[in-house]
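Chain by chain, the residues:
2 protein chains.
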Amino acid sequence: LITVVPVEALPGIEERLARIPAPICELGTATRGLIWADGGPEELQMALERAPNVEWVQLGVAGIDRYAEAGLLDGGITWTSAKGAFAEPVAEHALALVLALLRELPMRARATRWGAPRGRSLHGARVLLIGGGGIAIELLRLLTPWRVETVVLRRSTAPIPGANRTMPIEALDEQLPLADVVVLTTPLTPQTRHLLDARRLGMMRPDAVLVNVARGAIVDMHALIGALDAGTIAGAGLDVTDPEPLPEGHPFWAHPRALVTPHTADTPEMTRPLLAVRIEENVRRFLAGEPLEGIVDPLLGY
Amino acid sequence: LITVVPVEALPGIEERLARIPAPICELGTATRGLIWADGGPEELQMALERAPNVEWVQLGVAGIDRYAEAGLLDGGITWTSAKGAFAEPVAEHALALVLALLRELPMRARATRWGAPRGRSLHGARVLLIGGGGIAIELLRLLTPWRVETVVLRRSTAPIPGANRTMPIEALDEQLPLADVVVLTTPLTPQTRHLLDARRLGMMRPDAVLVNVARGAIVDMHALIGALDAGTIAGAGLDVTDPEPLPEGHPFWAHPRALVTPHTADTPEMTRPLLAVRIEENVRRFLAGEPLEGIVDPLLGY
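Taken in sequence, the protein lines are chains A and B.
By the numbering used here, the letter at position 18 of the first sequence is numbered 18, and the numbering carries on one by one without gaps.
By the numbering used here, the letter at position 132 of the second sequence is numbered 132, and the numbering carries on one by one without gaps.
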């Protein structure tokens, strides 16, 4: 039996699951599959105590670092996240930030007078994507009309469709100095925390721009402010920050080389229908005994 | 013989033309082909008086409204502009502005605190392009990865490659209320001046955004401010304004729904190599007696 918690977070989900049809129950000993639509690790822990026979938990988010850090991802349960499901809006936002930085739109938006012609084109740029999941694949798809050289760094070296080169993350120090545009799409894990620290930010080109649509803590934010102030890099577009929300008075607000968007690459209006599709598909697969989409590897933490 | 004025405006052009090889001369009675790299209509008029045997003038700009308004486009001379040559950077800038407006980046750039998740995706949008020249064709190419419905309005009804529909400009009143995104790419002529006036801006959807990378005066700027203030449209991204430069203190600066870039869709760094390619090609064709690229129709004014 399937339980959706809280069912109010997913308008229309009951009608969707009724179409399969999926047997639905209240949270309890009958629950075999738990759709965890909204709620933090502590609430989830309590829910799992009330539903000891759960075999599968579907998380409603793509980045599950909070649940991994809370030590939840084990106990003989199959975990799935929404990873990949929100790739379309997130990749679009990443490209919007890349173009905004290259065209210096943050500076233009704050200007109160005509300025000199400035700005760079994405054509001819070398784009380094850190992370080889759904967002990277979708961003590469959006980049197909541009003349760009794309390099994807990922854990495995299986080639990513649409990338000119796919390399292991160990090539980061070699690739950073070559990139005009660096986009972070990788999950936050103990291995990726502060992946871009002061040393690595210092390896970037002074005319390069950095876009983060993954998790704020993949970048050492303190080092990033230093790099921006020193002109070590040309600009940063951050949809994710560390901490979140970014506090008022933080130097990133209104920094001439920075643009912060408040974790809004995928708004609830954008994710809700995409999550509903993913859930319906996974419930169908769960009931049919088929492999699920977005399975989490507890050892990797994503 | 070919004359380039001023030759300093096009670094490397002499070497390029020497490769053809093209016979070069100072401005005078020997000049048959005049490459007008930089300078306004009055200087050009004076130059033509000194070179009475000119058969062909290549203008260094894509939008030649200033020369047309000065009454220069006649007198048995073949006129060519750079139209189409700068389409790549201009279309890119147009898309950057579209995405910036949909993702509300002007508001984010000015924010000094975390905000609520807001923003819209370009996927699923209906995009109306006014003008069917090189910029429109290139913008359609950049839009190919998106799920968008594209309509091009142009003078002729010959289908534009990549557009879902090509319609005559007379369909404007019918199409404006349907568009989520309106992009102006059309030349400024007596017919397109204030094409978007108060009446037509009032026909747009309140959630629609307008991007102008063509000429400022295609929009009635006074009416546009009114439409933005009233919420008749959701946002405007203007790379061109009327007048230019947009004066300090103008309400468009820092208007919460507007983003102004100072006619910088194609910076000199971007256009110089593209113009050099166009000139080299047209000089080659002129000497070979072949049809030129970017021929201007004096009656149409572009």
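None of these hints come from the bench; they were simulated from the model.
Glycine included, each C-beta is placed from N, C-alpha and C at the ideal position.
Hints may be right or wrong, so weigh each one.
What the hints assert, rightly or not - Cβ-Cβ distance ranges computed for the label pairs, FRET-style: (1) B:115 with A:277: 26 to 32 angstroms; (2) A:112 with B:12: 34 to 40 angstroms; (3) B:50 with A:177: 38 to 44 angstroms; (4) A:28 with B:178: 37 to 43 angstroms.
Legend entry - Hint check, failures only: 3, 4
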